[in-house]
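Number of protein chains: 2
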Amino acid sequence: MVMVAVMGYGVVGSGVVDVLTEHSESIARRAKEEISIKYILDIRDFPGSPFADKFTKDFEVIVNDDEVRVVAEVMGGVHPAYEFTKRCLEKGKSVVTSNKELVATRGAELLSIAKEHNANYLFEASVGGGIPIIRPISQCLAANDVIEIAGILNGTTNFILTKMIKDKMSFEDALKLAQDNGYAERDPSADIEGLDAGRKIAILASLAYGKHIYPDLVHTNGITKITLADVAYANAWGGVIKLIGQVKKLDDGRLDISVEPMFIENGSQLANVDDVFNGILVRGDSTGDVVFYGKGAGKLPTASAVVADIIDSVKHLKARKYLYWADGDESCVRPYDESEYPVYIRVSTDDKAAAAARIKELFSSAHAIVYSEAPSDELAFVTGDMSVKQQDEAIKQLCEGSTKLLSRIRVSDL
Amino acid sequence: MVMVAVMGYGVVGSGVVDVLTEHSESIARRAKEEISIKYILDIRDFPGSPFADKFTKDFEVIVNDDEVRVVAEVMGGVHPAYEFTKRCLEKGKSVVTSNKELVATRGAELLSIAKEHNANYLFEASVGGGIPIIRPISQCLAANDVIEIAGILNGTTNFILTKMIKDKMSFEDALKLAQDNGYAERDPSADIEGLDAGRKIAILASLAYGKHIYPDLVHTNGITKITLADVAYANAWGGVIKLIGQVKKLDDGRLDISVEPMFIENGSQLANVDDVFNGILVRGDSTGDVVFYGKGAGKLPTASAVVADIIDSVKHLKARKYLYWADGDESCVRPYDESEYPVYIRVSTDDKAAAAARIKELFSSAHAIVYSEAPSDELAFVTGDMSVKQQDEAIKQLCEGSTKLLSRIRVSDL
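For the record, the sequence lines run as chains A and B. Okay, so the first sequence: first residue is 526 according to this note's numbering, each after it adds one. Okay, so the second sequence: first residue is 526 according to this note's numbering, each after it adds one.
Please keep in mind that the hints were generated in silico from the structure rather than gathered at the bench. Incorrect hints may appear among the rest.
If chains are identical, the list can't say which one is meant, so a pair holds when it fits in one copy or spans any two.
Pairs of lysine-lysine residues, derived as BS3-like cross-links and limited to a Cα-Cα distance of at most 30 Å, are as follows [unchecked claim]:
| id | residue 1 | residue 2 |
| --- | --- | --- |
| 1 | LYS885 | LYS557 |
| 2 | LYS914 | LYS736 |
| 3 | LYS877 | LYS774 |
| 4 | LYS611 | LYS846 |
| 5 | LYS843 | LYS640 |
| 6 | LYS640 | LYS773 |
| 7 | LYS563 | LYS693 |
| 8 | LYS774 | LYS929 |
| 9 | LYS736 | LYS557 |
| 10 | LYS736 | LYS701 |
| 11 | LYS582 | LYS693 |
| 12 | LYS824 | LYS701 |
| 13 | LYS701 | LYS846 |
| 14 | LYS773 | LYS557 |
| 15 | LYS921 | LYS579 |
| 16 | LYS773 | LYS929 |
| 17 | LYS557 | LYS774 |
| 18 | LYS691 | LYS843 |
| 19 | LYS582 | LYS824 |
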């Protein structure tokens, strides 16, 4: 019998307790040990709960109880989750978590503390909810060099974009619908500004390349400026707009990493990942493209990923799992303005003939997007590969006089 | 330093040697041990090979060398792979394999021998090539009850069907193209008759449900009878024809398991899995649908999965991985004629009005497929749920007189 504690009894925490309780038999078979919840930490009261005798408001009770071998941290946020995690690891307890903010900002330090105290710090649930992705990258793909990871990592923004694409709903209406459905928080900025996806791609990059990539090194751009006009132009071009978190290894060893909306061709495996689903593509030098698809959030998917980590910790109480990365700094990442890619640009102008001529001069191999319902004063085109710096310069020169920039969206090579 | 042996130097075996050699540094980091190839077993000579000093034709050398801790069996076929694997496991050596035929026919016995001798028998590469699927099912989804697994498990048949769907190529021409491209063997029967996919779904079913499901218990139907007419009707219906291996757990604990061509709606995640790619959907009670997608075969993808298992074996030389199922028998599987599903039926007839009236009487909620280019003497329709027995009976009654059955294909609920 192994005793565990669950810290936080919100959506994910209560799901973890439910899964551990309802699947106790099959879990014991797989862990080769019975797993019993000794404590649930929450500052709130839950009178009448079937788990009433397990609740505590005092973290010290948990950290000082040597019988507790594994702790699930499902509180979210950096404080006090960081302090609690650190103290548990220092006591040799393994910690499993769904807390992507904490892993993305303090992962290297916590992994190093775990190593020092021969404990495990596991976080399968922090990316992709119930989709197995951390473990496949670290284990199954162990014999590969990971060339690129690209994914739709945030269900809320994918739901909003899907509504814009399929139902021609405006961004504002789609956001409101997402909030009404419980997919978006009342303050949706972490989702729609791309911060959540940025934390997740930072975690995947750290795992795949062995150095901590902090989220503030990830160039991050959300979906708040995407309009139905852009969606229509993308459709005319033969694709859709998706919010993509992406990391590529460059020849000089640095990483090209970003979260931003991108034009994706309809044929791409990521183009059909719709609604609240996530899809993550891992490109290995031996395996080629492998794609993982499923619900990226939600109580039970996330809880089942946390429980899978609990099982794995119980199976490895005396051994350490290989899940580790060293600290990193800004030298790991290429400055974003050196990134090179084709870009979609839309402008309005009083003189279309003159603007079209300027576009030809300024942008390498620009192709116009033909969209029959386009306003008569608009021009839209997709360029060839250009660095962000070159794009900035060319746009500046184009937008002298009456020509005004309306949109600028990266075109993906996925 | 851990010594390993590679048995078989064909496509996969030479890939394993290449991956182990070219990635030796990152593999050592992940396995926390250097891994060195001591022997390569093959009956052929490879003069001038950079690995010339490692070749042996004598299995006894490998099995009797206590320094060899892990053996990769990549010979294929049941004999002598079975005998070699058994003897290695009995000596406490771990064995990893891509040999789906052996795992599907002798898995329970070999897993039991592995358990007895505290060794591991791992076979990530046996299903889905480089797609991680065995490990995610057994580990990440450990906290789930698996409700259903359905997948496109054979790249050769998927390539042929894709050519029929996208390029209107006949089955015979598409098969010839697959052979010319090296995707199909000169004797393609194991692929096109569904045997290969049958072995793979048998392995996944055994893993998910804990009892060995032998391939001869899997109702298996290949793609040799699929015509371009059926492909066109499927398109008119709003979908495609794919060869699907599927297993579902029934309420009475038995399994519904089959490999057969199916109509799949265009919206399904499996409908867009094209060419030689595989896609596997795992439906868990907590995670919901999770889909794994990638190249299901090929030298390097398969080799990298074998090497990932070698790494895992090296990390667990003294511990056992939980990968096990008990023996099973035909009581685990529901007889196929009790299966219930909607079916697509196409007939020719001299009297369309009479046949249409008979169809209405005989098939519950039958819907005609409207296909503008259909021959004037044909009728095609999709039924509601009916057991296979009921379908047989109704078809028999419909096909009295001039009405003749042309096609009958399962309609999937995926």
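Results for each hint:
1. When the C-alpha separation of LYS885 and LYS557 is checked against a cutoff of 30 Å, the pair qualifies neither within a copy, at 67 Å, nor between copies, at 55 Å.
2. When the C-alpha separation of LYS914 and LYS736 is checked against a cutoff of 30 Å, the pair qualifies only within one copy, where the shortest distance is 27 Å, while the shortest distance between copies is 60 Å.
3. For the identical chains of this complex, LYS877 and LYS774 are neighbours neither inside a copy (40 Å) nor across copies (63 Å), given an alpha-carbon limit of 30 Å.
4. Taking CA atoms no more than 30 Å apart as the test, LYS611 paired with LYS846 passes in both settings, with 18 Å inside one copy and 29 Å between copies.
5. Proximity of LYS843 and LYS640 under a CA criterion of 30 Å is satisfied in both settings, with 12 Å inside one chain copy and 20 Å between copies.
6. Taking identical chains as interchangeable, the C-alpha atoms of LYS640 and LYS773 lie at most 30 Å apart only when both belong to the same chain, with a minimum of 28 Å there against 41 Å between chains.
7. Taking identical chains as interchangeable, the C-alpha atoms of LYS563 and LYS693 are never at most 30 Å apart, the minima being 50 Å within one chain and 62 Å between chains.
8. In this assembly of identical chains, the alpha carbons of LYS774 and LYS929 never lie at most 30 Å apart, being 35 Å within a copy and 60 Å across copies at closest.
9. Taking CA atoms no more than 30 Å apart as the test, LYS736 paired with LYS557 passes between copies only; the shortest distance there is 18 Å, against 34 Å inside one copy.
10. In this assembly of identical chains, LYS736 and LYS701 lie within 30 Å of each other by CA distance neither inside one copy nor across copies; the values are 38 Å within and 48 Å between.
11. With identical chains, the CA atoms of LYS582 and LYS693 are never at most 30 Å apart, being 48 Å at best within one copy and 67 Å at best between copies.
12. Only within a single protomer do LYS824 and LYS701 lie at most 30 Å apart by alpha-carbon distance; the minimum there is 21 Å, versus 49 Å between protomers.
13. Proximity of LYS701 to LYS846 under the C-alpha cut-off of 30 Å is found in neither arrangement, the shortest distances being 42 Å within a copy and 47 Å between copies.
14. Taking the shortest alpha-carbon separations for LYS773 and LYS557, only the inter-copy value of 26 Å comes in at or below 30 Å, while the best intra-copy value is 39 Å.
15. Proximity of LYS921 and LYS579 under a CA criterion of 30 Å is satisfied in neither setting, with 63 Å inside one chain copy and 64 Å between copies.
16. In this assembly of identical chains, LYS773 and LYS929 lie within 30 Å of each other by CA distance neither inside one copy nor across copies; the values are 32 Å within and 57 Å between.
17. Taking CA atoms no more than 30 Å apart as the test, LYS557 paired with LYS774 passes between copies only; the shortest distance there is 24 Å, against 40 Å inside one copy.
18. Proximity of LYS691 and LYS843 under a CA criterion of 30 Å is satisfied in neither setting, with 51 Å inside one chain copy and 54 Å between copies.
19. For a Cα distance limit of 30 Å, the shortest separation of LYS582 from LYS824 inside one copy, 23 Å, qualifies, whereas the shortest one across copies, 55 Å, does not.
Consistency note: the structure conflicts with the earlier hints numbered 1, 3, 7, 8, 10, 11, 13, 15, 16 and 18.
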